[in-house]
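If you read the protein sequences in the order shown, they are chains A and P.
Read in order, the letters of the first sequence correspond to residues 1 to 397 in the working numbering.
Read in order, the letters of the second sequence correspond to residues 398 to 794 in the working numbering.
Keep in mind that the hints were calculated from the coordinates and are not lab data.
Glycine included, C-beta positions come from ideal geometry on N, C-alpha and C.
Any given hint could turn out to be false.
[Claimed, not checked] Chain P is nowhere near these chain A residues, computed Cβ spacing over 12 Å in every case:
| hint | residue |
| --- | --- |
| 1 | 120 |
| 2 | 247 |
| 3 | 281 |
| 4 | 374 |
[Stated by the list, open to error] Just some of the chain A residues that point at chain P, by a computed CB distance under 8 Å:
| hint | residue |
| --- | --- |
| 5 | 76 |
| 6 | 300 |
| 7 | 326 |
Protein chains: 2
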Amino acid sequence: MSIEVPAGFVMNGVHGGIKKVATKEDFTLIHCPKGATAAGVYTQNLVFAAPVGFDRSRTPSANIRVVAVNSGNANACTGERGMNDCREMARLAATAVGENEQTALVMSTGVIGVFLPMDKIANGAKLAAEKLGNDEASFLAAARGIMTTDQFHKVVARQVNVAGRTIRLAGMCKGAGMIGPHMATMLAIMLTDAPLTPAAAQQVLKAATDESFNCISVEGHMSTNDTLLLLASGAAGGEPLTGSDLAAFQAALTDACIELAQQIPDDGEGASHLIGIEITGCQTRDAAQQIAKTVANSALVKTAVAGADPNWGRIVSAAGYAGVPFNPDGVGLIVNGHELYRAGAPVPFDAKTVSAAIKSERKTHIKLTFTEGSAVGRFWTSDLNVNYVRFNADYTT
Amino acid sequence: MSIEVPAGFVMNGVHGGIKKVATKEDFTLIHCPKGATAAGVYTQNLVFAAPVGFDRSRTPSANIRVVAVNSGNANACTGERGMNDCREMARLAATAVGENEQTALVMSTGVIGVFLPMDKIANGAKLAAEKLGNDEASFLAAARGIMTTDQFHKVVARQVNVAGRTIRLAGMCKGAGMIGPHMATMLAIMLTDAPLTPAAAQQVLKAATDESFNCISVEGHMSTNDTLLLLASGAAGGEPLTGSDLAAFQAALTDACIELAQQIPDDGEGASHLIGIEITGCQTRDAAQQIAKTVANSALVKTAVAGADPNWGRIVSAAGYAGVPFNPDGVGLIVNGHELYRAGAPVPFDAKTVSAAIKSERKTHIKLTFTEGSAVGRFWTSDLNVNYVRFNADYTT
Numbered sequence: 001m002s003i004e005v006p007a008g009f010v011m012n013g014v015h016g017g018i019k020k021v022a023t024k025e026d027f028t029l030i031h032c033p034k035g036a037t038a039a040g041v042y043t044q045n046l047v048f049a050a051p052v053g054f055d056r057s058r059t060p061s062a063n064i065r066v067v068a069v070n071s072g073n074a075n076a077c078t079g080e081r082g083m084n085d086c087r088e089m090a091r092l093a094a095t096a097v098g099e100n101e102q103t104a105l106v107m108s109t110g111v112i113g114v115f116l117p118m119d120k121i122a123n124g125a126k127l128a129a130e131k132l133g134n135d136e137a138s139f140l141a142a143a144r145g146i147m148t149t150d151q152f153h154k155v156v157a158r159q160v161n162v163a164g165r166t167i168r169l170a171g172m173c174k175g176a177g178m179i180g181p182h183m184a185t186m187l188a189i190m191l192t193d194a195p196l197t198p199a200a201a202q203q204v205l206k207a208a209t210d211e212s213f214n215c216i217s218v219e220g221h222m223s224t225n226d227t228l229l230l231l232a233s234g235a236a237g238g239e240p241l242t243g244s245d246l247a248a249f250q251a252a253l254t255d256a257c258i259e260l261a262q263q264i265p266d267d268g269e270g271a272s273h274l275i276g277i278e279i280t281g282c283q284t285r286d287a288a289q290q291i292a293k294t295v296a297n298s299a300l301v302k303t304a305v306a307g308a309d310p311n312w313g314r315i316v317s318a319a320g321y322a323g324v325p326f327n328p329d330g331v332g333l334i335v336n337g338h339e340l341y342r343a344g345a346p347v348p349f350d351a352k353t354v355s356a357a358i359k360s361e362r363k364t365h366i367k368l369t370f371t372e373g374s375a376v377g378r379f380w381t382s383d384l385n386v387n388y389v390r391f392n393a394d395y396t397t
Numbered sequence: 398m399s400i401e402v403p404a405g406f407v408m409n410g411v412h413g414g415i416k417k418v419a420t421k422e423d424f425t426l427i428h429c430p431k432g433a434t435a436a437g438v439y440t441q442n443l444v445f446a447a448p449v450g451f452d453r454s455r456t457p458s459a460n461i462r463v464v465a466v467n468s469g470n471a472n473a474c475t476g477e478r479g480m481n482d483c484r485e486m487a488r489l490a491a492t493a494v495g496e497n498e499q500t501a502l503v504m505s506t507g508v509i510g511v512f513l514p515m516d517k518i519a520n521g522a523k524l525a526a527e528k529l530g531n532d533e534a535s536f537l538a539a540a541r542g543i544m545t546t547d548q549f550h551k552v553v554a555r556q557v558n559v560a561g562r563t564i565r566l567a568g569m570c571k572g573a574g575m576i577g578p579h580m581a582t583m584l585a586i587m588l589t590d591a592p593l594t595p596a597a598a599q600q601v602l603k604a605a606t607d608e609s610f611n612c613i614s615v616e617g618h619m620s621t622n623d624t625l626l627l628l629a630s631g632a633a634g635g636e637p638l639t640g641s642d643l644a645a646f647q648a649a650l651t652d653a654c655i656e657l658a659q660q661i662p663d664d665g666e667g668a669s670h671l672i673g674i675e676i677t678g679c680q681t682r683d684a685a686q687q688i689a690k691t692v693a694n695s696a697l698v699k700t701a702v703a704g705a706d707p708n709w710g711r712i713v714s715a716a717g718y719a720g721v722p723f724n725p726d727g728v729g730l731i732v733n734g735h736e737l738y739r740a741g742a743p744v745p746f747d748a749k750t751v752s753a754a755i756k757s758e759r760k761t762h763i764k765l766t767f768t769e770g771s772a773v774g775r776f777w778t779s780d781l782n783v784n785y786v787r788f789n790a791d792y793t794t
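I would like the entire structure built from these sequences, with the hints used as guidance.
Here's what the structure looks like:
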């Protein structure tokens, strides 16, 4: 995939010194010299990190020029000093590119409860500002700079024709653990050269989130730092999008966010399968999403997929405790195209064939059907592997 | 511990042939020749097993004489045929001890979605009825007959003086996986020779459950088969308990249920730690329980304890997404007596010392303190180990 970076932004990712390995980027800087409209969606955790409170107070905005991100330290549960450090990080980044500190946003991700190493933050800001670019290499360096336990960088790009102009959209995100809606534990930045008002930017971002980043989990633990930003430079030209033009942009943004969001459980810590859960026949979308999320967060379902075990009773019983009323005699289940359960009763199937179908594919598709209505839901999660446990039993020690 | 079995009951556990290993009991029969008052508490899963529906329709009752339990097959998600099999199992067990089939209750536990092997059920009922006893050995055989993936049998006994008489209480339960309130995935039977009306039996059982079996989890997956029965033979003599006598019995029953319930996460599949979570300073008990349960069900908290990793950010952040409002600046955390977090900020501590304190004890005590009120909550869970994943990735295949 080649990425065309939206006009109006320059960026870079560098090693400032927070991560131990000198080849790993840990500081990302994005600069929008003419100012961008900015919107944000944040964790709903009561215990939120300093940069979440900081950005929340500054978005939506009509004039954001700098986004500074560090990985390797979440600046969460760090009290008053954490908030001062966050403010100083915004000042350092803005100063490095000659902007007013009031126009900067900050994101942090990594270990909780450790104070930010401000000398390394300062170093990162200085180094990153030295060679900002609008090319694909700069974009990918920026995407690597926000990674923590990720095995691969996560990016997406789209072009969409709106109101006679080509609008570019490019996004990056990180996240592999502590992932549970709303929001998943992750940082994500969507850049576009579309012209958007702050209100429209906030509205389209929220709608896209509900279909994407709020439909994924790894282990369902909601993070302290989740942040999704949309920056719109307006460099594609024209008046701020409205009506059907805004709707066309909304569709492209949602589509891009879904592609980006799925990369997170696909890279779930230790994961060997990306599990997609499709729910049909519910009374409301909320009901369908609630069932999808409950199935996704069942450790028994996730371990069964890891073991390629067609233990469908775990899937059906998880639906049963989702808190959504339904007729058990109307339930059906199809896994990777194999029907295992129909009208509330088992369908005879060859366990070896279904097990092989799970084992041989990176994606496992679970389709649960109900007879309550016509609403549907979707959710994505990772399987639960011994590698997840090994990894998480020994994170800080 | 020596167990004095309440008067009025005889029992046994035998190998009927459902389990592959001939030395493992898989059928338990309890007989109360003069009839017992019976109460039940059941899974809230919409997808419930045949015996759950069967028992639910027969309790509370003033005249239950037979309880038949099989392990190795849950008779869940088995449709119409499953309900017929359940009825037939009740008939076989009642006939084996010369009772009317209307006085029998049934419990099943094991794999979901496989029809009951009725020849083996018939064999179990016949063999068990041949030598029923009121002694400790018979009670322990009965307790083994309900086990599935349990590493050890789970029993409890109490004596309490009420209204000038000694009342005996003895209980057994099983459960090690698919454990999430309400109820935990488990079967439990409490026997007593106290005289109780059906209404009083149901009331004390419900109250005891809320303090015990509804306060435990292994992985939070609510089962299709959870059943807790209380049988009261009245053999201790006297009128049905009321007022302060009933309250004294209630206290003993709750205490016994808590001791029994804790044995389940202590035997959680692959578990190396029993985690006890204590919450103080909330506005209501419901709020405290909601926070306790959310912390208990965090895979990140459970893996941290498995790895003896004092990663307190995971505990505090789990509380933050419990859905209960609180002031983050008032939160404190103590793990195994070591203060790690106070008034919303980290307390310096020696990571090696705290890690050693977790590693060296089977029990990990997590105490989270809030400043909202005076309500408290308690919850027990197991840690999350690679052995849990290994075990559950390969259960049916």
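Status of each hint after checking the structure:
1. Every C-beta of chain P lies more than 12 Å from that of residue 120 (chain A), the closest at about 19 Å, which supports listing it as non-interface.
2. Chain P leaves residue 247 (chain A) outside its interface by the beta-carbon criterion, the shortest separation being 33 Å against a cut-off of 12 Å.
3. No Cβ of chain P approaches the Cβ of residue 281 (chain A) within 12 Å, the least distance being about 15 Å, so the stated non-interface status holds.
4. With a closest Cβ-Cβ approach of about 20 Å to chain P, residue 374 (chain A) is found to remain outside the 12 Å limit, as its non-interface label requires.
5. With 8 Å as the threshold, the beta carbon of residue 76 (chain A) comes within range of chain P, its nearest partner Cβ sitting at about 7 Å, so the hint holds.
6. The closest approach between the C-beta of residue 300 (chain A) and any C-beta of chain P is roughly 5 Å, which is under the 8 Å cut-off, so the hint is satisfied.
7. Hint status for residue 326 (chain A): holds, given a least beta-carbon distance of 6 Å to chain P, under 8 Å.
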